[in-house]
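Below, each chain spelled out in residue letters.
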Amino acid sequence: MLAPVADARRIAAGVFSLWLECPGIAGRVAPGQFLNVRVTDGDDPLLRRPISVADVSGGRLRLVFRVVGRGTARLSRLRPADQLDLLGPLGRPAPALRRSDVLLVGGGIGAAPLLLLCRRLAEKNRVRVLLGAREKEQLILLREFRSLGCPVKVATDDGSYGHHGLVTELAEAGLENAKRPVVVACGPKPMLADLLKRLDPVPVWGFVEERMGCGTGICYCCALPRKDGGYVRFCQDGPVVLLNEVGL
Amino acid sequence: MNWAATIGRTIFPNPVLAASGTFGLGARFPSVANGLGGVVTKGITLQPRAGNPPPRICEFPGGIINSVGLENPGLAAFKRDVLPGLTRLKCRVIVNIAGFAVDEYRELARGLNEDRVDAIELNVSCPNVREGGAVFGRSPRRVEAITRAVRAVTSKTVIVKLTANFVDPAATAKAAEAGGADAVTAINTLFGLALGESGRPFLGGGSGGVSGPALRPFALFCVDRVASAVRIPVIGCGGIMTGRDALDFLSAGASMVQVGTASLVDPRAPLLVWRELKAWCRKNGVGDWHQLVGRTRRAD
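The listed protein sequences correspond, in order, to chains C and A. The first sequence begins at 1 in our numbering and counts up one residue at a time. The second sequence begins at 1 in our numbering and counts up one residue at a time.
Check the hints yourself; a few may be wrong.
With the Cβ distance kept under 8 angstroms, some of the chain C side facing chain A (calculated, not the full set) [as the list claims (entries may be wrong)]:
no.: 1; residue: Phe16
no.: 2; residue: Trp19
no.: 3; residue: Arg48
no.: 4; residue: Val68
no.: 5; residue: Pro201
no.: 6; residue: Thr216
no.: 7; residue: Gly217
no.: 8; residue: Cys221
no.: 9; residue: Lys227
no.: 10; residue: Asp228
no.: 11; residue: Leu242
These stretches of chain A come out as covered by chain C in the derived footprint (C-beta under 8 angstroms, 3 or more residues) [as the list claims (entries may be wrong)]:
no.: 12; region: 22 to 28
no.: 13; region: 60 to 67
no.: 14; region: 252 to 266
Think of the hints as simulated: they come from the structure by calculation, not from any bench. For each residue, glycine too, the CB sits at the ideal point set by N, CA and C.
Work out the full structure: start from the sequences and follow the hints.
As structure tokens, then:
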């Protein structure tokens with residue numbers, strides 16, 4: 001599906017936000033799902049880049065991504081009215097929670113997919129948000145999360161904003177008095193592993209941000225080891241998976 | 001206009017197939033499949049296989065390298081859980097089978113003597129397993145033995161998918177023909193290696209199989225070479241992304257084509273290739289695409 005860019009801007013060093021005009025996808029995308037984005041008309045780079053949907057507003061949807069290579073570098077150069085070739089929405093929606101005490105933990109660019117999730121979960125759950133970044137300048141979407149009315153706590157590695165230290169150090173306190181605790185997290189692997197360790201046996205759902213081939217379940221190239229043997233094909237059975245059941 | 005392609009006893013509605021390994025088990029996108037000549041399933045083995053550890057794919061300018069390692073549910077689960085869904089497709093169904101001994105190919109073929117299976121493609125070319133696979137495909141003697149063993153137990157159309165890794169595919173194509181194959185597919189992926197900065201292999205399986213546009217010139221060369229070596233039809237495969245690419249493979253001698261890696265970029269790719277090829281034929285007054293097959297040699 002071709003979608004025109006409505007707004008393109010840099011929101012932090014190396015981090016970009018795109019609003020796309022795409023009623024066909026905006027109307028049916030669920031939190032946790034992603035789009036597979038073509039970065040060129042030609043054959044190089046060949047594969048699409050999977051990017052989670054960060055937010056939806058009317059017929060528009062928002063992608064927020066960090067430049068990590070040639071593909072995302074190309075995406076960062078898009079300007080309003082440019083067209084983007086999208087495939088989606090793909091993947092399984094994040095669990096539809098109700099009456100739970102939800103802790104959303106976003107590390108760095110991992111804050112992005114949690115925004116749409118927060119918006120949808122806030123109606124039927126008690127939601128708290130923890131955002132972590134290396135430094136204040138790397139914090140993203142803080143204003144957007146705050147506007148949703150949920151308590152938001154921040155940690156920076158260098159102490160330039162909020163708690164001085166790791167965002168995971170705020171996790172136990174974030175679940176205080178929680179009757180039905182559930183965590184949904186997106187961020188670097190060490191962050192996810194640390195959350196699992198600290199909060200065990202609380203269910204921790206996490207976004208898998210590994211390499212994919214097709215994004216549609218036909219190439220079997222994305223594989224995350226399951227603790228009981230075999231692999232999870234996370235483009236189809238994820239990208240949000242119950243981290244307690246997989247080997248990170 | 002007649003767009004049908006015939007191989008062995010199987011009549012395909014058109015000459016474009018979705019290649020093995022790049023279209024899942026075949027039924028994920030029925031609306032695409034229904035517009036194709038057929039779909040080829042992922043390689044099926046006797047026993048279920050978990051596949052290779054990740055990462056299983058990496059990109060390079062012009063293509064990809066994969067090392068999936070034949071992840072599949074195994075023959076019994078395939079027949080129970082997957083085959084019924086394939087029955088509902090309007091296109092032909094080719095089941096790709098991979099064995100680790102001659103007997104296993106025979107047993108797989110015997111197990112697939114089901115109405116819903118139109119043809120069997122023998123995978124003697126998988127680059128991502130330690131035994132069998134491309135190791136078998138390198139030996140004309142083994143290729144002939146496997147083909148003969150399968151031919152003896154099935155009346156289905158039998159296709160042999162060739163490797164060009166350290167072997168002349170014309171030699172193994174002749175062996176397949178001698179063993180009773182109805183057609184050969186040329187070619188599977190080529191060996192490839194990607195390294196991490198540490199100097200260790202990037203892919204979890206070690207090395208992998210190269211596919212995509214970068215493979216195309218060599219695949220085309222192989223199709224031309226194989227087509228002039230055997231009488232049975234050749235199915236061209238290797239980096240076909242567009243209708244124009246498919247046209248080239250027909251010209252080089254392919255009677256049908258398979259679209260693989262392009263499906264990873266867009267699952268509709270095989271259908272788009274077919275539409276573009278059809279449009280080219282119409283535009284150029286080609287009433288029967290069969291007359292395009294092998295015109296490269298005829299022009300000599």
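Outcome of the hint check:
no.	hint	verdict
1	Phe16	violated, 21 angstroms
2	Trp19	violated, 24 angstroms
3	Arg48	holds, 6 angstroms
4	Val68	violated, 13 angstroms
5	Pro201	violated, 26 angstroms
6	Thr216	holds, 5 angstroms
7	Gly217	holds, 6 angstroms
8	Cys221	holds, 4 angstroms
9	Lys227	violated, 13 angstroms
10	Asp228	violated, 11 angstroms
11	Leu242	violated, 18 angstroms
12	22 to 28	holds (count 4)
13	60 to 67	holds (count 5)
14	252 to 266	holds (count 5)
Consistency with the previously given hints fails for numbers 1, 2, 4, 5, 9, 10 and 11, ordered from lowest to highest.
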